[in-house]
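K.L.:
Two chains, each in its own frame: build the complex with the hints.
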Amino acid sequence: MTATLLFQAPILAMLTALAASILIVIIATYLGKRIVEVSVISFATIVFILSCLGFVNVFFVGGSYAYYMGGWPPPVGIPYVIDQFSAPLGVVISLIFLSTILYQIKSQEERHEGRWGYSLRFLMEAGMLGLIFTGDFFHIYVMLELVGLSAIILVASRKEVKQTIEAALKYGIYDILAITIYYLSTAMVFGMFGSMCIAEISAKLGGYVSPFSGGIFADPTKALPVIVAIVVWSFTIGSAVVPQHFWLPDAHSMAPSTISAILSGLIVPINIAVLARLLFDGLRANVLPTTTIGLYILIVLGVLSSIVGAVLMVVQSDLKRLIAYSTISNLGLICIGFGVATLTSVSAAYLFIISHAFVKAALFMTAGIFIHATGSRDIRSYRGISTSMPYVALLFLIGALASIGFPPLSIFWSKLLLILSVVEKGGIYLYLVIPILITVVFEAIAQIRVLAIIYAKGTKPISYKLSKIVYASIGILIGITILIGLMPNFVFQYAGFAASDLLDFERYVRVVLGFLP
Amino acid sequence: MELQFVIMHLPYILVMLMVAICIYGAIFKSNIFKKILALYLFTDAVNLLYIIQGFRLGEAIPPTLLPELGLSEFVSRSVDPLAQYFVVTAVVIGLAEMSTLIALAIYTYRHYGTLETKKIKELRG
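Quick note, the sequences are listed as chains Z and G, same order.
First residue of the first sequence? That's 1 in our numbering, and the numbers climb one at a time after it.
First residue of the second sequence? That's 1 in our numbering, and the numbers climb one at a time after it.
Bound conformation, chain G alone (with noise of 0.2 Å):
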């Protein structure tokens, strides 16, 4: 029982761990990059969590409405539209983040020389 619902659960549990290991690196990583990086990890392990939600066991079919497949049929076997459109979205808008992000990086290492957090403390928080 408790294996199976381990089993049953497995992508979930991976997601959340990835999860985890994203807002760890976000918040305690000091290099600016690796945290950069973990925030855009953050995003798309978020992404995969709305793409399992949306996800049918079986038989599952693209959710588009093919002329030879009857809309009964459709409905029955496509996985959820909805949250596909979801990840489109938030993978434009990751987009915006990572390249304002990563612009500022940029800046900041022609200022300072270093990406390091460490050796960044002109302003006191």
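Only chain Z is shown next, with the shape it has when bound in the complex (with noise of 0.2 Å):
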């Protein structure tokens, strides 16, 4: 019983949150507020427990397991691959989830998104956890879609504001133009190993024979590049990576502030991670030379990428813009991370995932907190909030400074370990150290510039009052994010962990086919 629910718990999860989108609205078309209110908490806590009871399952009971959709065997059905690298992120996307919906519910911004609001924040966690567990070509696509299409209609939420309706039709028409190219390399997929199963792609271009689908069907050498090229393309177009980022701070600085921290702390970076796992355990990025060209792509891109956010950044006069814009200067690092494949560098990009999302989850909500109470997004406005609102001044204070890469908090460790990893490659990857450097110089100069007029002297103090629970919200992340930051040794052994599952295609065909052909 107990073994059987601790095998299925991640799955749960993904049905619980997607049942929750469902029952949400019903329970608001019968019953008072109070109550869906208390069943959206409820909901939450429930996935969130869920998910827990997967990594727990995963790291100290069961190890790494394929969950078979209905029974079916991979290549035939969808396979959901619960290991070390997927079961970790489960649960930071659920915790996220559970403290925005605590900030929703209980401060006085946004009210009046109502039932939809929480029906589309359930269908987006549901989608968020199916993408990163999924093993099937074409069900990452569905999921995207799903998590797409909720996050644009939630970044539209305040539609009687016209800049509101201006940044979800910019984001909609990119998002949905990624994803359409994401739908096209699934054919291609499909054409040269007609199969869908990435495992069993994986093993075909290690010379398997399936007797569902025979071998390969396109030359390898002309085909992969290709197919490689589109996949990247599409997914850097939905994390923002620095060509197509333009989307990224109109959408991230509308949206309600919830959202924005959903936008940036979880869609972006899990966009990378979904990249890096198709790229590493469906086509063998590390080894195979046709597909190698991703990993360079990768980094060509999160150089321009780190050091086009953080200078911009700097220029920024509103608040969430700013966030928005150090949003993609880390993501252009994480790319780094990824592209340079080494197991340190992988690891950095693992744990710098994670950090980012309770960083940048954080950040949001306050500067949320901020904007509602001066009732501008102007940082001119906040000069000597901290006078009077003194806790969630401090609460910007550190994830802030997390931000920046402050020792000892959790970001200082992941650019140290990027900056190490790229050091111990050697070669022409010792010349990535200069964008991770001048990342870390404008983002403190930016930063640094916020904080100085939060804590400047002398202004009309403004009353604001929060409820306890919007303090607990912002500061479970907070917390998080300096617990990180004081072991990092432990932390970053588990980042191992996650990243030796993730090059290693060879474990991964075996867990998910079961054997290793």
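Careful, some of the hints might be misleading.
[Stated by the list, open to error] For lysine-lysine, the following DSS-like pairs were computed, each having C-alpha atoms within a straight-line distance of at most 30 Å:
#1 G:K119 / G:K29
#2 Z:K162 / G:K29
#3 G:K121 / G:K34
#4 Z:K106 / Z:K465
#5 Z:K162 / G:K118
#6 Z:K159 / Z:K33
#7 Z:K468 / Z:K33
#8 Z:K159 / G:K29
#9 Z:K33 / Z:K162
#10 Z:K222 / Z:K425
#11 Z:K159 / Z:K465
#12 Z:K33 / Z:K465
#13 Z:K425 / Z:K106
#14 G:K121 / Z:K162
#15 Z:K106 / Z:K33
#16 Z:K162 / Z:K222
#17 Z:K468 / Z:K457
#18 G:K121 / G:K29
#19 Z:K162 / G:K34
#20 Z:K425 / Z:K465
#21 G:K118 / G:K29
#22 G:K119 / Z:K159
#23 G:K121 / Z:K159
#24 Z:K33 / G:K119
#25 G:K119 / G:K34
#26 G:K118 / Z:K159
#27 Z:K159 / G:K34
#28 G:K34 / G:K118
[To be verified] Facing chain G, a subset of chain Z residues (Cβ under 8 Å, in silico):
#29 K159
#30 E166
#31 L169
#32 T180
#33 G191
[As the list claims (entries may be wrong)] Quick look at which bits of chain G chain Z covers, simulated, 3 or more residues with Cβ under 8 Å:
#34 60 to 70
#35 85 to 94
#36 101 to 114
Rather than coming from a laboratory, the hints here were simulated on the basis of the structure.
Glycine residues also receive a C-beta, built at the ideal position from the N, C-alpha and C atoms.
P.N.:
Written out as structure tokens, the structure is:
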């Protein structure tokens, strides 16, 4: 009984979120507001607990495994791969959703989303959990649509504001373009391999001939680079890496704060995580010379993205746009980490994804409080706000310092490990130290300017009441940031497990198909 | 040889041309409605690619296993049902995409009175 529950926990988490998105609408139609709030919190808590059970199962009880949807084994059905790479991400996703929902219910900001807002949030959570667990090319397309469409509608939720609609439309067109480009790549994969299972594709690249779909139907040296380029293109639009970053600052600054937190903290890095899964486990990018081109593209775009994001951050006067550009520059660093493709660099990138998620979610939520208290998104209007709301300012201070990479907070260790891994790889990769250091410098300039304004002296005090639950919801995220910073070895050990699972495609094939051809 | 190759692969070439036109339209056209139309046609182009890949030249039959048809004959003559399954899924998803984008376009028109992206420039990008 317990073993079955542990085994099915991550799938149940995703299905609970999916069911919650429908149930919330039904509950809200017939019952009162209070009951809706209680049920929203309890659904989010259940999803979080189930994800934690999945995490416990993978690391302490059963080890990595694949769950076959409907009992159909992989080449026929859809496998859900719960391994050391995906299980911790599931916990991060459900924890951030829980904290944003707590914030959303208790804060005084944006109350008018109503039941459809909660419903779409759960739909998005289900999509994200599906996205990281799935082991099927086409299923990723379906889940990307689920995440993308609910995010687009949530960005547009303040529909009476002109700019919100403009931002949502821009985000909508480019996100759907990205997803359709990914759909094109699935058609090519289908034509080349005759199969959609990531593990089977990986096995076929190693010379396996499937009893269902045979071998490879195209010349891999010509077809594979095209497929890799299209996959990388689609995911780099979705995760706003530099040449295609223009939708991100608009969408992040115009969305409600909790949605900005989810967009910046989860959707964007999860896109990169799924890309890494496809490249390393599906297309064997770390060994196969025809697909390694994907990693080179990632490095080049990562360097561009980190520098452009960091430089543009300095000139922003809108607090949310500033944090959004910081997201772009962090995403560039994560891309560099995956592109270098050594064990250390991938673990650094993985640790970066997790710490970025917590820090950015917390920063956007505190920014939401500032914006609601002063009624303006301009940084200059927050002069001396720390005197009237010292605790919120303290949370922002820790978040901003973590975002710079101030020791001993979580992002410091990710950046340090990234530098170490680049130095370790040596050769031309040594020059990658330069963009990493540039981002640290510019990020420090931009964030310290904000902090100086917030901690400046002498303005009229603002009276603003905040519920304790709002403090708690941000406090959890900041607390985890500090906690990761205080025990880097422990966390880095787990990031190393995740990276070794990601880089070892033979283990992935064995987990999913049950044998190694 | 060259001509025969082109004729053999004509459907693929036409689909890829359509994909290129759609990506161009979605990015460079300034009217929002044209962008949405290009995205819709893009999904359809990929659907066509699936159908062409799953099709079998010669005496192809639809992928339904009828009782008077033996299993071995069905397998050797039927078109690929998997490709059609993907297309049906994508058509349903495409409906959701289009309704979302068109709803946003309607709101844009109400706020700005136009669908030209050149005139809608409140945000800096």
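K.L.:
Hint by hint, where does the structure go against what was stated? Just the numbers, ascending.
P.N.:
As far as the earlier hints go, 13, 16, 20, 24 and 34 are violated by this structure, in ascending order.
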